[in-house]
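Undergrad: Chain residues, written in single-letter form:
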Amino acid sequence: MFGYVEPDKPELKIREFEVFRGYYCSVCRSIGRRYGQVPRLSLSYDLAFLAVLLDATSHEAIQGDIVRCFAHPIRKRLLIRPNRFIEYASDMNIILAYYNLKDKWSDEKNLLGGCGCLALQSAFKKAEKRYQEKTRRIEELLGELNRLEKARCASVDEAAEPFASIMREVFECPHVEDERRRKVLGWLGYNIGRWIYILDAWDDLADDVKSGSYNPILEQYRYDGGDLDAFKASIKDKLDFSLTYSLSECEKAYALLGAEKNTGILDNIIYSGLIVKTDKVLQGRCGNNEKKSI
Amino acid sequence: MKKNPYKVLGVKEGASYDEIKKAYRELVKKYHPDRYRGNPLADLADEKMREINEAYEFLMKNAGGAYQYQYDYDDSSTSSQGSSYQYQSQQSSQYQQNAQQGYADESELERQARACLNRGDLNGAQRILDRMRNRNANWYYLQGLVFLRRGWYDRAYSNIQRAVNMDPSNFEYRNALNNLNNQSYGYRHNPYYYNNYRSSPDMCQICGTLWCADSCCECMGGDLISCC
Numbered sequence: 096m097f098g099y100v101e102p103d104k105p106e107l108k109i110r111e112f113e114v115f116r117g118y119y120c121s122v123c124r125s126i127g128r129r130y131g132q133v134p135r136l137s138l139s140y141d142l143a144f145l146a147v148l149l150d151a152t153s154h155e156a157i158q159g160d161i162v163r164c165f166a167h168p169i170r171k172r173l174l175i176r177p178n179r180f181i182e183y184a185s186d187m188n189i190i191l192a193y194y195n196l197k198d199k200w201s202d203e204k205n206l207l208g209g210c211g212c213l214a215l216q217s218a219f220k221k222a223e224k225r226y227q228e229k230t231r232r233i234e235e236l237l238g239e240l241n242r243l244e245k246a247r248c249a250s251v252d253e254a255a256e257p258f259a260s261i262m263r264e265v266f267e268c269p270h271v272e273d274e275r276r277r278k279v280l281g282w283l284g285y286n287i288g289r290w291i292y293i294l295d296a297w298d299d300l301a302d303d304v305k306s307g308s309y310n311p312i313l314e315q316y317r318y319d320g321g322d323l324d325a326f327k328a329s330i331k332d333k334l335d336f337s338l339t340y341s342l343s344e345c346e347k348a349y350a351l352l353g354a355e356k357n358t359g360i361l362d363n364i365i366y367s368g369l370i371v372k373t374d375k376v377l378q379g380r381c382g383n384n385e386k387k388s389i
Numbered sequence: 215m216k217k218n219p220y221k222v223l224g225v226k227e228g229a230s231y232d233e234i235k236k237a238y239r240e241l242v243k244k245y246h247p248d249r250y251r252g253n254p255l256a257d258l259a260d261e262k263m264r265e266i267n268e269a270y271e272f273l274m275k276n277a278g279g280a281y282q283y284q285y286d287y288d289d290s291s292t293s294s295q296g297s298s299y300q301y302q303s304q305q306s307s308q309y310q311q312n313a314q315q316g317y318a319d320e321s322e323l324e325r326q327a328r329a330c331l332n333r334g335d336l337n338g339a340q341r342i343l344d345r346m347r348n349r350n351a352n353w354y355y356l357q358g359l360v361f362l363r364r365g366w367y368d369r370a371y372s373n374i375q376r377a378v379n380m381d382p383s384n385f386e387y388r389n390a391l392n393n394l395n396n397q398s399y400g401y402r403h404n405p406y407y408y409n410n411y412r413s414s415p416d417m418c419q420i421c422g423t424l425w426c427a428d429s430c431c432e433c434m435g436g437d438l439i440s441c442c
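If you're matching them up, the sequences are chains D and V in order. Counted the way my numbering counts, the first sequence spans residues 96 to 389. Counted the way my numbering counts, the second sequence spans residues 215 to 442.
In isolation and in its complexed conformation, chain D is listed as follows (with noise of 0.2 Å):
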């Protein structure tokens, strides 16, 4: 997964912040409990989001504990009492962080991939026997993604299609009972999907451009091989427009959901982290190797 979700941090309390930490360790914790501890190393931000996110259409107030945790092992820390939506929240990231490896060895022969495949192999199996019908929609929309970037679409909407799709998919959580709240969440999850491949896809150029894959970006707006700056700043605004209504989509939606609780952190996330995350990608202040868990 790719950690773009993340909250605007110093506007945050430093209690959301806790509580929002709470649900990430609680997320990992859950992945080490019924999927063995390697597995645990695949966690990223936008799966502690997902459980933050989900939580909150449940009355039940939140619960959690003080305990210690050996990747953490200085200070006690709070952890979010599992429910059905956080080992929801694990499931789903057993299940893409599993095909984006399988994705990683098959496409560039990474052997960091192909390990983390073959570690994540039981743990898959596991997951995918719990949440069959989700699974085989992921992987049929994967296959479309693969279709199209051997294709080498040049569409930025059309080839962020398949993606959004997977987490509309992965945002409709079936423990989620009122059918009406289902919808709203695809619909949020389609449009983070798509705000996170077409900003993967900008964050991406520079390495794209020097091996020569496939990115839409390049192929939408036919870069010649010019100068990347120039072309960058010549889209930019075209991509902030795709980007930012992207996100006020995601907005609408979560204004319709009605979030019970935890309203601090994802207001946070949602009205501004998200714009801050976008900002510093597009100002290429955001490299790759800046995705950081917490």
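For the record, the hints were derived by calculation from the structure and aren't laboratory data. Some clues are possibly wrong.
Claimed, not checked - If you want the footprint, here are the derived chain V segments under chain D, 3+ residues with CB under 8 Å:
id, segment
1, 246-258
2, 367-374
Claimed, not checked - A partial selection of chain V residues facing chain D, derived with a Cβ cut-off under 8 Å:
id, residue
3, N393
4, L394
5, Q397
6, S398
7, R402
8, Y406
Given the structure is predicted, the values throughout are model-derived calculations rather than measurements. Don't be surprised by glycine CBs; every beta carbon is placed ideally from N, CA and C.
Let chain D serve as the given structure and place chain V on it in line with the hints.
TA: Same frame as chain D, now just chain V:
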């Protein structure tokens, strides 16, 4: 049983008229049908708006302030008090009328495409558009709407822009284009993001401003900061 109107408006029970009005205005802005036009969630936004209007009318009628809310409040209150915003239902019905009756000079296919779009049948609308030979401004406009609904905003924008360029006098096309721009501008300038630490002046700005003010004063013969 209805939802508690205080909860719908997000105000404390026993809130004053002014508090209720203020909360109501904020909510109307948030769920305004203009914001959700062409959005797959438009029906949910409409429903939310109706709920908000009902709650507001109920509270306005039943004396805000110390009124104790009873859960089985009378539903007939919706017909009274013209004070709340009614345009939402008007607007959406007008929108549908446009789609159903069609404009006088619109061809049959265009009318069908609009009807499909209204039903949310994107594939149907796309099939009809693909069949059409005459790629006029209206065609590009409709194609733009289909893309918009699908979530393909880049193409939606270029198609609608093209429609505007082909027929700059058409109000509907221009309106749609403005709406696209407003949505993304509005999101970027939302109060949460805009009123935070980024917008407060830093030391450089403060010093610069003081220096400017001092220079101006000195020009006029006065002095703001006497030591320099």
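Undergrad: Closer than 8 Å, Cβ to Cβ, for at least three residues: run that test on the segment 246-258 of chain V against chain D and report holds or violated.
TA: Held - the segment 246-258 of chain V has 6 residues with a Cβ nearer than 8 Å to chain D, which meets the minimum of three.
Undergrad: Can the hint on V:Q397 be confirmed by a CB-to-CB distance to chain D that is less than 8 Å?
TA: 5 Å, holds
Undergrad: Given a cut of 8 Å on the nearest C-beta pair, is the interface hint for V:R402 held or broken against chain D?
TA: Since the shortest Cβ distance to chain D is 6 Å, the answer is holds.
Undergrad: Does the interface hint hold: is V:L394 within less than 8 Å of chain D, judged Cβ to Cβ?
TA: 7 Å, holds
Undergrad: Given V:N393 was flagged as interface, is its beta-carbon under 8 Å from a beta-carbon of chain D?
TA: Hint on V:N393: violated, closest Cβ of chain D at ~11 Å, above 8 Å.
Undergrad: Under 8 Å, Cβ to Cβ, is where V:S398 needs to be relative to chain D, so tell me if that hint holds or is violated.
TA: With Cβ-Cβ at 4 Å, under 8 Å, it holds.
Undergrad: Does the interface hint hold: is V:Y406 within less than 8 Å of chain D, judged Cβ to Cβ?
TA: 4 Å, holds
Undergrad: Counting residues of the segment 367-374 of chain V that have a beta-carbon nearer than 8 Å to any beta-carbon of chain D, does the count reach 3?
TA: Coverage by chain D holds here, the residue count being 4 at a Cβ distance below 8 Å.
Violated hints amount to a single one, hint 3; each of the other numbered hints is respected by the structure.
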